[in-house]
Amino acid sequence: MFEQKLNLLFDFQKFAGSSKLQDLIQDTSARYKTQALTEEELSYVNAAGVPAMMNVKDQGEKNKDDPWNQ
Amino acid sequence: MESIMTYEQVYHDYSKKVMSYIRSKITNPTEAEDLHSAVFVKIYEKFSTFDQTKASISTWIYTVSRNTLIDFFRTRKVYDELGDEDIVEDDTYQGILDEETLNELSEALEKLPERERDLIIMHYYNHSQLKDIALKMHMSYSNCKLLHNKALMKLRKYLS
Numbered sequence: 009m010f011e012q013k014l015n016l017l018f019d020f021q022k023f024a025g026s027s028k029l030q031d032l033i034q035d036t037s038a039r040y041k042t043q044a045l046t047e048e049e050l051s052y053v054n055a056a057g058v059p060a061m062m063n064v065k066d067q068g069e070k071n072k073d074d075p076w077n078q
Numbered sequence: 110m111e112s113i114m115t116y117e118q119v120y121h122d123y124s125k126k127v128m129s130y131i132r133s134k135i136t137n138p139t140e141a142e143d144l145h146s147a148v149f150v151k152i153y154e155k156f157s158t159f160d161q162t163k164a165s166i167s168t169w170i171y172t173v174s175r176n177t178l179i180d181f182f183r184t185r186k187v188y189d190e191l192g193d194e195d196i197v198e199d200d201t202y203q204g205i206l207d208e209e210t211l212n213e214l215s216e217a218l219e220k221l222p223e224r225e226r227d228l229i230i231m232h233y234y235n236h237s238q239l240k241d242i243a244l245k246m247h248m249s250y251s252n253c254k255l256l257h258n259k260a261l262m263k264l265r266k267y268l269s
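Residue numbers (our numbering), protein chains in the order written: chain Y, 9 to 78; chain P, 110 to 269.
Worth flagging that the hints you see were computed from the coordinates, not collected in a lab. All C-beta atoms in this analysis are idealised placements derived from N, C-alpha and C, irrespective of residue type, glycine included. Among the hints, a few may not be true.
[What the hints assert, rightly or not] Listed below are the simulated DSSO-like cross-link pairs for lysine-lysine, each with C-alpha atoms no more than 30 Å apart in a straight line: (1) Y:K28 to P:K186; (2) P:K125 to Y:K28; (3) P:K155 to P:K126; (4) P:K155 to Y:K22; (5) Y:K22 to P:K126; (6) P:K151 to P:K163; (7) P:K220 to P:K240; (8) P:K125 to Y:K13; (9) P:K245 to P:K220; (10) Y:K41 to P:K254; (11) P:K259 to P:K245; (12) Y:K28 to P:K259; (13) P:K245 to Y:K13; (14) Y:K41 to P:K151; (15) P:K134 to Y:K28; (16) Y:K13 to P:K254; (17) P:K259 to Y:K13; (18) Y:K41 to P:K245; (19) Y:K22 to P:K254; (20) P:K254 to P:K220; (21) Y:K13 to P:K240; (22) Y:K41 to P:K134; (23) P:K134 to Y:K22; (24) P:K134 to Y:K13; (25) Y:K41 to P:K125.
[Said to hold, decoys possible] If you want a taste of the chain P side facing chain Y, the calculated C-beta under 10 Å gives, among others: (26) R175; (27) N176; (28) E223; (29) D227; (30) M246.
Make the full structure from the sequences, and use the hints.
This is the structure in C-alpha cells:
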C-alpha cells in the first residue's frame, strides 16, 4: 500500500511538478544519466555502429607476419 | 483557496501540464494529441458539475488525465507501458494529491542518504526495475533489494 502511495505521488509529480521535488529528481538524473560519446569516440563508430578501431586492430593482427611490417 | 476558474482559464493553465503528463507515458505524438483532446472533452462535459470550492481543480484534472490514460491502455491491453503498479483506480489516496504532500515527500527524501534517495527516485519516478538500478549503482541485485526495503521503511516513518 505504501509503495502504491509512492507511485501515485511520483506520478502526480509528473503532472503538478513541485520544484523542490523536481530538483531532487534532476540531481539523481544528473548522477545516473548515460554518458554521451565524445566527438572523437563518435568518429570511430561507422554507420553500422561497429567501431572502426576494431578493423584497425584486425588489420594489425593480419599483417603481423607480413615481412614488410617487421 | 484558489479563485473560481472558467473552463477557458482551466484550459489555458493546464493544457501544457496535461500534455506533458501524457507525453511522459505515450511516445506517439498523434495518440498523445488524441488523449489530450479526450481529457479536455471530459473536463468540459463535467465542468459545470465540479465544485471548485470543495475540491482542488488541479487534483481533479490530474485524475481525469490519469483515468483517461488507464482506459487507453486497457483498450490497447498494453499494461507494460503504464505499469501494473500504476493501474490503480482506488480513490483512497486522492486526498493526498497536492503540492503540500509533494513537498513533504521531498523533505522526507532529503533525509535519506543519497544512494537510497537515488534508488527511490529511479524506481518510483523513472519506473526502473531494481535489477537495472543495481547495475547502474554498481551493486548486487540482493543488496539493491535490501537498500530499497531500508529506504522504504525510513520514508514510511518520515511520512507517517
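To see whether the hints hold, each was checked on the structure:
no.	hint	verdict
1	Y:K28 to P:K186	35 Å, violated
2	P:K125 to Y:K28	20 Å, holds
3	P:K155 to P:K126	19 Å, holds
4	P:K155 to Y:K22	23 Å, holds
5	Y:K22 to P:K126	8 Å, holds
6	P:K151 to P:K163	19 Å, holds
7	P:K220 to P:K240	24 Å, holds
8	P:K125 to Y:K13	25 Å, holds
9	P:K245 to P:K220	22 Å, holds
10	Y:K41 to P:K254	21 Å, holds
11	P:K259 to P:K245	19 Å, holds
12	Y:K28 to P:K259	23 Å, holds
13	P:K245 to Y:K13	25 Å, holds
14	Y:K41 to P:K151	37 Å, violated
15	P:K134 to Y:K28	22 Å, holds
16	Y:K13 to P:K254	19 Å, holds
17	P:K259 to Y:K13	17 Å, holds
18	Y:K41 to P:K245	10 Å, holds
19	Y:K22 to P:K254	25 Å, holds
20	P:K254 to P:K220	20 Å, holds
21	Y:K13 to P:K240	22 Å, holds
22	Y:K41 to P:K134	19 Å, holds
23	P:K134 to Y:K22	10 Å, holds
24	P:K134 to Y:K13	19 Å, holds
25	Y:K41 to P:K125	26 Å, holds
26	R175	7 Å, holds
27	N176	12 Å, violated
28	E223	8 Å, holds
29	D227	5 Å, holds
30	M246	8 Å, holds
Hints 1, 14, 27 from the earlier list are contradicted by this structure; the remaining hints agree with it.
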